[in-house]
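Heads up: the sequence lines are chains A and B, in that order. Each residue of the first sequence is one higher than the one before, starting from 116 at the first, in my numbering. Each residue of the second sequence is one higher than the one before, starting from 11 at the first, in my numbering.
Please keep in mind that the hints were generated in silico from the structure rather than gathered at the bench. None of these values were measured; they are calculated from a predicted model. Warning: the hint list may mix true and false statements.
[Said to hold, decoys possible] DSBU-like, lysine-lysine: derived pairs with alpha carbons at most 30 Å apart: (1) Lys347(A) <-> Lys218(A); (2) Lys200(B) <-> Lys240(B); (3) Lys218(A) <-> Lys200(B); (4) Lys347(A) <-> Lys182(B); (5) Lys200(B) <-> Lys182(B); (6) Lys347(A) <-> Lys249(A); (7) Lys231(B) <-> Lys466(A); (8) Lys231(B) <-> Lys117(B).
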Amino acid sequence: MSFKPVILWTDALVYLLVAALILFAWHVRRNEHLWAPWRRVGHSASGMAALTVLVFFVIIGLLDTVHLRPAVENNSGGETAYSVEVLSLFDVIATPLRTQVEKTYSAPFAAYLYARETIEHPGGGQTREFPRLKFGAAHLQDPETQLVTDIAWRAAAGGGLGLFFWCLAVASLALLLARRSGEAFLSMLSAIRRGATAIPWNAACITLALILVMCGAALALCGSYHILGTDKVGQDVFYQSLKSIRTGLVIGTLTTLMMLPFALLLGITAGYFRGWVDDVIQYLYTTLSSIPGVLLIAAAVLMTQVYMETHPELFDTVASRADLRLLFLCIILGVTSWTGLCRLLRGETLKLREMEYIQAAHAFGVSHWRILSRHILPNVMHIVLITTVMDFSGLVLAEAVLSYVGVGVDPSTISFGTMINAARLEMARDPMVWWSLLAAFSFMFALVLSANLFADAVQNAFDPRVKTLSARVGALRRKRREEPEAKSSPTRTEGSLPS
Amino acid sequence: MLNYIIRRVLYAIPILIGVNLITFTLFFVVNTPDDMARMQLGIKRVTPEAIAKWKQERGYDKPLMFSSSDEGFAKLTNTIFFEKSAAMFAFRFGRADDGRDIAYEIKSRMVPSLAIALPVFLLGLGVYIVFALIMVFFRATYVDFWGVVLCVALMSISSLFYIIAGQFLISKLWHLVPISGYGQGLDAAKFLVLPVIIGVISGAGANTRWYRTLFLEEMGKDYVRTARAKGLPESIVLFGHVLRNAMIPILTGAVVVIPLLFLGSLIAESFFGIPGLGSYTIDAINSQDFAVVRAMVFLGSLLYIVGLILTDISYTLVDPRIRLE
Numbered sequence: 116m117s118f119k120p121v122i123l124w125t126d127a128l129v130y131l132l133v134a135a136l137i138l139f140a141w142h143v144r145r146n147e148h149l150w151a152p153w154r155r156v157g158h159s160a161s162g163m164a165a166l167t168v169l170v171f172f173v174i175i176g177l178l179d180t181v182h183l184r185p186a187v188e189n190n191s192g193g194e195t196a197y198s199v200e201v202l203s204l205f206d207v208i209a210t211p212l213r214t215q216v217e218k219t220y221s222a223p224f225a226a227y228l229y230a231r232e233t234i235e236h237p238g239g240g241q242t243r244e245f246p247r248l249k250f251g252a253a254h255l256q257d258p259e260t261q262l263v264t265d266i267a268w269r270a271a272a273g274g275g276l277g278l279f280f281w282c283l284a285v286a287s288l289a290l291l292l293a294r295r296s297g298e299a300f301l302s303m304l305s306a307i308r309r310g311a312t313a314i315p316w317n318a319a320c321i322t323l324a325l326i327l328v329m330c331g332a333a334l335a336l337c338g339s340y341h342i343l344g345t346d347k348v349g350q351d352v353f354y355q356s357l358k359s360i361r362t363g364l365v366i367g368t369l370t371t372l373m374m375l376p377f378a379l380l381l382g383i384t385a386g387y388f389r390g391w392v393d394d395v396i397q398y399l400y401t402t403l404s405s406i407p408g409v410l411l412i413a414a415a416v417l418m419t420q421v422y423m424e425t426h427p428e429l430f431d432t433v434a435s436r437a438d439l440r441l442l443f444l445c446i447i448l449g450v451t452s453w454t455g456l457c458r459l460l461r462g463e464t465l466k467l468r469e470m471e472y473i474q475a476a477h478a479f480g481v482s483h484w485r486i487l488s489r490h491i492l493p494n495v496m497h498i499v500l501i502t503t504v505m506d507f508s509g510l511v512l513a514e515a516v517l518s519y520v521g522v523g524v525d526p527s528t529i530s531f532g533t534m535i536n537a538a539r540l541e542m543a544r545d546p547m548v549w550w551s552l553l554a555a556f557s558f559m560f561a562l563v564l565s566a567n568l569f570a571d572a573v574q575n576a577f578d579p580r581v582k583t584l585s586a587r588v589g590a591l592r593r594k595r596r597e598e599p600e601a602k603s604s605p606t607r608t609e610g611s612l613p614s
Numbered sequence: 011m012l013n014y015i016i017r018r019v020l021y022a023i024p025i026l027i028g029v030n031l032i033t034f035t036l037f038f039v040v041n042t043p044d045d046m047a048r049m050q051l052g053i054k055r056v057t058p059e060a061i062a063k064w065k066q067e068r069g070y071d072k073p074l075m076f077s078s079s080d081e082g083f084a085k086l087t088n089t090i091f092f093e094k095s096a097a098m099f100a101f102r103f104g105r106a107d108d109g110r111d112i113a114y115e116i117k118s119r120m121v122p123s124l125a126i127a128l129p130v131f132l133l134g135l136g137v138y139i140v141f142a143l144i145m146v147f148f149r150a151t152y153v154d155f156w157g158v159v160l161c162v163a164l165m166s167i168s169s170l171f172y173i174i175a176g177q178f179l180i181s182k183l184w185h186l187v188p189i190s191g192y193g194q195g196l197d198a199a200k201f202l203v204l205p206v207i208i209g210v211i212s213g214a215g216a217n218t219r220w221y222r223t224l225f226l227e228e229m230g231k232d233y234v235r236t237a238r239a240k241g242l243p244e245s246i247v248l249f250g251h252v253l254r255n256a257m258i259p260i261l262t263g264a265v266v267v268i269p270l271l272f273l274g275s276l277i278a279e280s281f282f283g284i285p286g287l288g289s290y291t292i293d294a295i296n297s298q299d300f301a302v303v304r305a306m307v308f309l310g311s312l313l314y315i316v317g318l319i320l321t322d323i324s325y326t327l328v329d330p331r332i333r334l335e
């Protein structure tokens, strides 16, 4: 299949972000003092489990970021034309999910539509009954008797396959660790099981097992069932939930990207130069932060809406329009939320500039710019990092609320907010259509919970204030754990390399 | 003290002017009144006369910041900026698109907003402190551990879920209270129970956890060690010493939101059909009523600044070590 790659605005920024993250990781890995706190993050069991889930979400999000326009088959020959519809790599992979559209609502795993329809019988006369779905459980002769066994068989097969892949993954992990530490493969495996490794691989492995088994079962089932039902226009809810992940991730990460330049530049210069610079910047952020957040966002989004309505010539496809609106939302969220971080950075810089090493740099005649970039910036980075990871989950949650208020993403963008918003109108329906809501909320819960747990792990590792407290608790816990296993020899793993 | 308050109030004026400038830029410079008129009247078929009429009805037919055709002060005053912004300071918000007076609407809608926000605030403060104290009292045990787990889980659930699930369970399934609506006087109570409970629950995770951190931070201080060394029982240390000192950050943190309670809650009010300021704002956003949104932005900032001043004053009241000079 031939296609033309398309890079939307948010795609470009996501690529930029990924590149920056890779560079950052490379830089951190080369400097022991930067790597040490990350190793502490790795020592937290809940952090590792959360990271496993997050990696899974990020993979889906990245697959959904690579956009392309497939070629349209035309019989006339000549040049190939490209479809106006912009698809992502994820869409291409999930083609059956995307194209198997029913007429309207259907419950999860249903074989019949959720609404009655009048059906003409060939022998004359009509009845009102629930018609069979076009795609869901269409391969079954008699759904009443076969449905449950068929689902069970498929789920078991898919889950088994997932388990098989999990075994492969764990075996290769143990092999890798065993080779590094020079230990036997089997003793490494049992060390992972007991949680005796420095990095709690057992937590990551258990999470991975859950993810893989669920994925396997879902993959085996979603081809012939709508495992989370369908929505009003018959779209598969499972597909929508997976698509929403990208929107959530983009809002959570790009907003930070938009906010950082403001917060860093203004916060550090205010704290460092003091005087009138400080006054101006303080005035700026006090003014901006005194406007209630939601109202400012609402006002700004309303105005971009007006701008986009009156300038339709700027957007060539529906996708690019929706994408630009997503980007605008990120920019607005970023512009309205940099004040908190800016205040923190200013305070920290005020403290740092009085330190001896900065005064020594002054005495040596180091330029302001060099002091700012070499001596101050690296020493406030932990605040930036903690704030960014802490903000992420809040932004994902905020998207849903903003979409409900009507100032969120474009209605054509699939997101948790638009899903909830569409499903909310069906609350009054009897019997209730619950699957859309439940799917959106549970996916969002998984994403936000793992982000929160990971943020906690990062904060514990980087925040100097928390360190003493958590170290004490950790030592307690370790003591309790080690008592019964005092005889087993301490295993040396990748995490505990001599530094 | 009085001097300080006067200075703080004077300091609030430039900030309010700044807020006004920002909202003015957002509403009138990014998009000209012509753009807004075209948007409201429909993009395609709109005549210049209709735009002119729309602008005149709302007083948008003047120059933006500087009127060169007038004399003297009128050069500055006969503009949209002056008319729309200066009027805000006198609480003259003008008329909404449906012709009603915005100031009157705000006044009459404040009461229902407060009727939800105030109980949520007070009840929440009490409940969160109690839970945080329990967790701190049983710190480093399973009670504390599972408490924190529960808090993180509660934090990770969307506030929309609490509302939707609450409405479904309590109103639709169990028929305990009406799903939505509002009544006069005591009649309103039965409509308020559910939104208040949901409001308290949806803030529980983050706040309880935050208070727990504050208490734990206080537990590490020297005076706590002294109290324990004197042989005081843990309960007296916790409730007599730690609680009182930890209340300083908690109370001052709470004071800043008190004025904002007037604005109500956007989401809860529109879900429960309560005619407060929150649902007023949402309706204005959905119908793109720019005058109302602008008025609410101004009011919100004003209340926030009042909150900040109150916070500073409350510091001196609860903590005698702090003197305002």
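Hint check results:
1. At most 30 Å may separate the alpha-carbon atoms for a hinted pair to count; lysine 347(A) and lysine 218(A) meet this at roughly 8 Å.
2. Between lysine 200(B) and lysine 240(B), the direct Cα distance comes to roughly 51 Å. Violation of the 30 Å bound is thereby established for this hinted pair.
3. With a C-alpha separation of about 41 Å, the suggested pair lysine 218(A) and lysine 200(B) falls outside the 30 Å cut-off, and the hint is violated.
4. For the hint pairing lysine 347(A) with lysine 182(B), the CA-to-CA distance comes to about 22 Å; that is within 30 Å, so the pair holds.
5. Taken as a hint, the lysine 200(B) and lysine 182(B) pair is honoured in the structure, with Cα atoms around 15 Å apart against an allowance of 30 Å.
6. A C-alpha spacing of about 15 Å is found between lysine 347(A) and lysine 249(A), which places the hinted pair at or below 30 Å, so the restraint holds.
7. Simply put, lysine 231(B) and lysine 466(A) have alpha-carbon atoms about 22 Å apart, close enough for the 30 Å limit, and the pair holds.
8. Between lysine 231(B) and lysine 117(B) the CA atoms are separated by roughly 47 Å; this puts the pair beyond 30 Å, and the hint is violated.
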